[in-house]
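A.B. asks: Sequence:
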Amino acid sequence: MTKPERVLKYCPRCGSKRFNFQGVHSFLCDNCELHYFINSSAAVAALIENEKGELLLTVRAFEPHKGMLDLPGGFVDINETVEDAVTREIKEELNLDVTEVKFIASCPNEYVYSGYSVYTCDMGFLCSVSGWENLLVQDDVTGIELVSRENIDWDKIGAESIKKIIRAYWNG
Numbered sequence: 001m002t003k004p005e006r007v008l009k010y011c012p013r014c015g016s017k018r019f020n021f022q023g024v025h026s027f028l029c030d031n032c033e034l035h036y037f038i039n040s041s042a043a044v045a046a047l048i049e050n051e052k053g054e055l056l057l058t059v060r061a062f063e064p065h066k067g068m069l070d071l072p073g074g075f076v077d078i079n080e081t082v083e084d085a086v087t088r089e090i091k092e093e094l095n096l097d098v099t100e101v102k103f104i105a106s107c108p109n110e111y112v113y114s115g116y117s118v119y120t121c122d123m124g125f126l127c128s129v130s131g132w133e134n135l136l137v138q139d140d141v142t143g144i145e146l147v148s149r150e151n152i153d154w155d156k157i158g159a160e161s162i163k164k165i166i167r168a169y170w171n172g
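Counting in UniProt numbering, the sequence shown runs from 1 upward without gaps.
It is worth saying that the hints were derived from the structure and are not from the lab.
There's no promise every hint is true.
[To be verified] Straight-line C-alpha distance at most 30 Å; calculated DSS-like pairs for lysine-lysine:
no.: 1; residue 1: K3; residue 2: K156
no.: 2; residue 1: K102; residue 2: K66
no.: 3; residue 1: K156; residue 2: K91
no.: 4; residue 1: K66; residue 2: K3
no.: 5; residue 1: K91; residue 2: K66
no.: 6; residue 1: K91; residue 2: K102
no.: 7; residue 1: K52; residue 2: K66
no.: 8; residue 1: K164; residue 2: K91
no.: 9; residue 1: K52; residue 2: K164
no.: 10; residue 1: K102; residue 2: K163
no.: 11; residue 1: K3; residue 2: K17
no.: 12; residue 1: K164; residue 2: K3
no.: 13; residue 1: K91; residue 2: K163
no.: 14; residue 1: K164; residue 2: K66
All values reported here derive from a predicted model rather than from experimental measurement.
Modelling step: build the complete structure from the supplied sequences, incorporating the hints.
C.D. replies: Structure follows, in structure tokens:
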């Protein structure tokens, strides 16, 4: 996998090649003195339960972790709140309308996409929906599974951050 320090070679402000990695999370341009930080991208994940208390998990359509289980969700768009992002993602992926959003937990993650490491802060929200009758698997999802605490197969969930968010929810 490719870390930012291996591929970011030019200053995003002036285009200079004198763009040097400073360690862990920043670069410094010797030409224009821009101090550029690698920050986490915001991502959201929804915890949605049915009337039996089963948790809805999705099957990922794309890498990373294609074919594995996940919570529905995705990246927060520019100028979007996390609450709006989780509401949008649920509509895009499952055609469900969110009526209530409650923050549960957050967890850092390294999301490797096309061989490039994107550092994220994954935020889990308990979401209520207006009903399940319009459920439609679409967008980044190929299927769903409903799981309980007793029958969840943790090995089928791709991202460690998602496992931690689910555990934080179930453990209160």
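A.B. asks: I'd like to know which numbered hints this structure contradicts. Please list them from smallest to largest.
C.D. replies: none
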